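These protein sequences, in sequence, are chains S and X.
Using numbering that gives the first Met the number 0, you'd call the opening residue of the first sequence number 0 and step up by one each time.
Using numbering that gives the first Met the number 0, you'd call the opening residue of the second sequence number 0 and step up by one each time.
If you are wondering where the hints come from, they were derived from the structure by calculation, not from laboratory data.
Since the structure is predicted, the reported quantities are computational estimates derived from the model, not experimental observations.
Every residue, glycine too, gets a C-beta built ideally from N, C-alpha and C.
Just so you know, not all the hints are guaranteed correct.
Incomplete in silico selection of chain X near chain S, CB under 10 Å [said to hold, decoys possible]:
(1) SER203
(2) ALA317
(3) GLN329
(4) SER354
(5) GLU355
(6) THR442
(7) ILE445
(8) LYS454
(9) ALA459
(10) LEU463
(11) GLN464
(12) VAL469
(13) ILE499
Here are the simulated EDC-like cross-link-like pairs (lysine to aspartate or glutamate), alpha carbons at most 16 Å apart as the crow flies [unchecked claim]:
(14) X:LYS421 / X:GLU336
(15) S:LYS81 / X:GLU130
(16) S:LYS81 / X:GLU490
(17) S:LYS155 / X:ASP170
(18) X:LYS145 / X:GLU352
(19) X:LYS289 / X:ASP170
(20) S:LYS134 / S:ASP156
(21) S:LYS75 / S:GLU87
(22) X:LYS145 / X:GLU2
(23) X:LYS269 / X:ASP170
(24) X:LYS454 / S:ASP80
(25) X:LYS106 / X:GLU130
(26) X:LYS485 / S:ASP80
(27) X:LYS146 / X:GLU336
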Amino acid sequence: MEDQSQFNSLDGSYYKVMIIKRLLFFLILVAVFLGLYFMNRIEGLKGLLFYLIAAGLVVLGILLFVMAGVFFRRKKYRLFDKNLTYQEGVLIHKETVVPFSRIQHVEIDEGPLERFFSLATLSVYTAGDSGKDLKINGLRLDKAQEIKDFITNYIKDE
Amino acid sequence: MSEFNFDELSRQSPKGIVINYGVLLYKLGKSFWIFIPIFFSKSIDNKLTYFIAILGILALVLLIIAVVQFLYFKFKIDGEYFILNQGMIFKKKTSIPIERIQSVNFKQNLIHQLINITQVEIQTAGAKDVEVSIKAISRQKAEALKKRLQSDSRVIVSEDIDEEVQEVIQDELIYKLSIIELLKVSFSENHVRSFFWIIAIVFSFGYQLEDVIGDWNFADQVIKFVVQNKSAISGSLMVLGLAFVIGLIISIIVSFVRVFLRHFEQNVIKRNDGIQVSEGLFTRREDVLKIKKIQYSVTVTNPIKRKLGIQTVRIRQAGSAKTKKKKLVQLVGVKNEFLAQLNNLFFHYKPSENSETFKPSRYYLFRMFVRTFLFLLVVNGFFFINQFSTMNWILANVLIIPFSVFLVILKFKKTYFNFENKTLVVGDGKIGTITTIIEYFKTQNITYSQSFIQKRRGVATLKLQTASGVIKLPCLHQEDARIIQKRIVSEVENTTRDWI
Chain S
0 MEDQSQFNSL
10 DGSYYKVMII
20 KRLLFFLILV
30 AVFLGLYFMN
40 RIEGLKGLLF
50 YLIAAGLVVL
60 GILLFVMAGV
70 FFRRKKYRLF
80 DKNLTYQEGV
90 LIHKETVVPF
100 SRIQHVEIDE
110 GPLERFFSLA
120 TLSVYTAGDS
130 GKDLKINGLR
140 LDKAQEIKDF
150 ITNYIKDE
Chain X
0 MSEFNFDELS
10 RQSPKGIVIN
20 YGVLLYKLGK
30 SFWIFIPIFF
40 SKSIDNKLTY
50 FIAILGILAL
60 VLLIIAVVQF
70 LYFKFKIDGE
80 YFILNQGMIF
90 KKKTSIPIER
100 IQSVNFKQNL
110 IHQLINITQV
120 EIQTAGAKDV
130 EVSIKAISRQ
140 KAEALKKRLQ
150 SDSRVIVSED
160 IDEEVQEVIQ
170 DELIYKLSII
180 ELLKVSFSEN
190 HVRSFFWIIA
200 IVFSFGYQLE
210 DVIGDWNFAD
220 QVIKFVVQNK
230 SAISGSLMVL
240 GLAFVIGLII
250 SIIVSFVRVF
260 LRHFEQNVIK
270 RNDGIQVSEG
280 LFTRREDVLK
290 IKKIQYSVTV
300 TNPIKRKLGI
310 QTVRIRQAGS
320 AKTKKKKLVQ
330 LVGVKNEFLA
340 QLNNLFFHYK
350 PSENSETFKP
360 SRYYLFRMFV
370 RTFLFLLVVN
380 GFFFINQFST
390 MNWILANVLI
400 IPFSVFLVIL
410 KFKKTYFNFE
420 NKTLVVGDGK
430 IGTITTIIEY
440 FKTQNITYSQ
450 SFIQKRRGVA
460 TLKLQTASGV
470 IKLPCLHQED
480 ARIIQKRIVS
490 EVENTTRDWI
C-alpha cells in the first residue's frame with residue numbers, strides 16, 4: 000500500500016473544477032464582507048480593522064489557489080483485484096480501503112459543473128456509518144462507469 | 000405447522016385498541032400538560048364544566064382514532080416479504096424482505112402485562128433502516144410470527160440436519176441476575192454520570208415550568224442565586240462538600256431506580272444460533288440476538304465493579320449505531336467465568352500465550368498531554384474571568400493538574416491492541432477499563448490517517464468502520480499501522496464467512 004506508483008491520479012480537468020469551486024467560494028466571501036462594509040452593519044468595521052480583514056482575505060485567497068494544486072495531487076485512487084483504495088488530504092493524509100466484499104452499492108453522480116467537464120463522482124457504500132464511506136470526485140464518466148461495473152460484477156459473482 | 004395463518008392479512012388483537020388509546024392519551028398528556036395549571040389558576044366561570052366538556056370530546060375523538068388505527072392496521076407474510084398496511088387517510092404500506100430482518104423482539108409494559116398481550120418489534124439492517132412495531136398481539140401469535148420471520152428460507156438441506164442436532168441443546172438458561180447482584184450493579188454504577196443526568200433533568204424541567212408561569216425566569220433565578228451567594232458558595236468548602244454529598248446521595252438513588260427498572264431479573268437463554276436476553280421490572284423486554292449478527296462487544300468495568308468481581312457487557316449488533324442507545328443490549332453484573340463463556344460463544348475467543356500485542360507510540364502520551372494542557376488553559380481562563388482569589392486559584396490547580404496528569408497516564412497505560420487468532424482486542428479507559436472485542440473480518444472499511452505532525456513522528460491512526468460504529472486505534476507506529484491494515488484488509492477480502 001505504500002507503493003505510490005500503483006495509485007492513479009484524478010482526471011486533469013477536475014483541477015479546473017476545484018479552481019472554479021474555490022473561486023465561487025472566495026467571491027461569496029468577498030461579497031459578504033463588502034456587503035457588510037457598505038451597509039455599515041457592523042460597528043467599527045472601518046479603518047484599521049477593515050484593512051486587516053481585507054488583508055486576511057487576500058492571504059486566504061492566495062492560499063486557496065496556491066494550495067489547490069497540492070490538494071489535487073494528493074487525491075489518488077487505486078482499483079485492486081479485491082479492494083478500492085482512495086487517498087486524500089494535505090494537513091491530514093487519509094487512506095481508506097474498501098474491500099469489494101463489503102460494498103452494499105455503488106452510485107455515480109454528476110453535478111452540473113462536473114457534467115460540463117464530463118466528470119462524475121463515484122460513491123461506494125458499505126454497512127458502516129453512512130457518509131463515512133468512499134467518495135471519489137473527478138473521475139471521467141466512462142472511467143467511473145467502468146469501476147462501477149467492475150465492482151458490481153465482483154459483488155454478483157460472490 | 001401453527002394455528003395462525005399469516006398468509007392472509009390479519010389485524011392485531013382487539014385489545015390493541017386499549018394500547019392505541021393509551022399511547023394517544025399519553026401523547027396528548029405529554030404535549031399539553033403545561034396547560035393543565037391554567038384550569039386551576041385562572042378563575043373562569045364554570046371552568047369545571049368547560050374542562051370536563053373539552054376533556055370528554057378529546058377522549059372520544061382519541062377513542063375513535065384508536066379504533067380506526069386498529070381497523071386499518073393489517074399485516075401478513077407474502078412469500079419472501081413481510082407486509083404491513085396502516086392508516087385510513089394516509090395509507091402507508093411497508094414491505095420488508097424477510098431475509099433482511101435482523102431481529103424480532105418482544106416488549107411488554109405494565110398495560111401489556113395486565114391485559115396479557117405482547118408488543119413485537121421488527122428490526123432490519125441495511126443502509127436505510129426500517130423499523131416496524133406491532134403493538135398488541137397474543138403471546139402465542141407473537142411466537143408463531145417470530146418463528147416464521149426468523150426461519151431462513153434459504154437454508155440448504157445439509158444445514159437443516161445441523162439444526163436438528165442443535166435442537167437437542169436448545170433453550171439453555173446460561174445466566175440469571177439475582178437481586179443481590181442487581182444491588183451490586185446499582186451501587187457500582189457511574190454516579191457522576193447520574194449526577195449530570197439529574198442536573199440536565201432539573202434544568203429542562205425548570206424551563207418547562209418557565210413556559211407555564213409567565214413572569215418566572217428559571218435561568219435568571221439560578222444565576223441570581225449563584226451570584227448572590229457567590230461568596231458563600233466559593234468561599235466555604237463546607238457548602239461545597241455538603242452539596243457534593245447531597246448530589247451523590249441523590250445520584251445513587253437515581254442509579255438504583257434506573258438499574259432496577261431496566262435490568263430487573265435479567266436472564267440469558269441460549270437457543271440454537273443465538274441468545275435471548277429478557278429483563279425489566281414494569282416493562283419486560285425480550286431481545287433476541289443471533290450470534291453471527293453480533294459485530295463486536297464492549298466490556299466496561301470500574302474499580303468498584305472490579306472489587307465486586309462484575310462487569311458490564313454491551314453487545315453491538317449491526318445497525319445499532321443508528322438505533323437509539325436504549326435499544327442496546329447490555330448485560331450487567333457479568334462475572335469473569337460468564338464473560339469468558341460469552342467471548343467464546345460470540346467470537347470463539349480464548350486468550351492465549353501466542354497473541355500479539357501492539358501499544359500506541361509515546362507520541363500518543365505527548366498528544367494527550369498537549370490537549371490536557373490546552374484544556375487547563377481554558378479552565379484557568381475561566382477562573383481568571385471569575386476573579387478567583389489567588390488562594391482558591393492555587394488550590395484549584397493543585398487539585399486539577401495532578402489529577403489530569405494521572406488520568407492521561409492511566410489512559411496511556413490502558414490502551415493496547417491485541418491480536419489473538421482472528422480476533423482483535425482493544426483496551427482503553429481511564430479510571431474505568433473498556434475492552435472491545437471484534438472478529439476483525441467484520442470490518443466494513445478501514446482508514447489510515449496521518450496528520451502532518453504525526454507524519455514527522457512516524458505515527459498513524461487506524462479507524463475500523465463496522466456496521467455498528469467505529470473502532471479507533473490511535474497513534475500507532477506507522478509500520479505497525481501498515482501491518483495491522485494489511486492483516487485486516489486481507490482477512491476481510493479472503494474470509495468465506497458472512498459479516499451478518
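Right, here's what the structure says about each hint:
| no. | hint | in the structure |
| --- | --- | --- |
| 1 | SER203 | violated, 28 Å |
| 2 | ALA317 | holds, 6 Å |
| 3 | GLN329 | violated, 21 Å |
| 4 | SER354 | violated, 24 Å |
| 5 | GLU355 | violated, 20 Å |
| 6 | THR442 | holds, 8 Å |
| 7 | ILE445 | holds, 5 Å |
| 8 | LYS454 | holds, 7 Å |
| 9 | ALA459 | holds, 9 Å |
| 10 | LEU463 | holds, 9 Å |
| 11 | GLN464 | holds, 3 Å |
| 12 | VAL469 | holds, 7 Å |
| 13 | ILE499 | holds, 7 Å |
| 14 | X:LYS421 / X:GLU336 | violated, 22 Å |
| 15 | S:LYS81 / X:GLU130 | violated, 33 Å |
| 16 | S:LYS81 / X:GLU490 | holds, 11 Å |
| 17 | S:LYS155 / X:ASP170 | violated, 37 Å |
| 18 | X:LYS145 / X:GLU352 | violated, 43 Å |
| 19 | X:LYS289 / X:ASP170 | holds, 14 Å |
| 20 | S:LYS134 / S:ASP156 | violated, 24 Å |
| 21 | S:LYS75 / S:GLU87 | holds, 7 Å |
| 22 | X:LYS145 / X:GLU2 | holds, 14 Å |
| 23 | X:LYS269 / X:ASP170 | holds, 5 Å |
| 24 | X:LYS454 / S:ASP80 | violated, 29 Å |
| 25 | X:LYS106 / X:GLU130 | holds, 14 Å |
| 26 | X:LYS485 / S:ASP80 | holds, 14 Å |
| 27 | X:LYS146 / X:GLU336 | violated, 32 Å |
Hint compliance for this structure: hints 1, 3, 4, 5, 14, 15, 17, 18, 20, 24, 27 are not met, and every other hint is.
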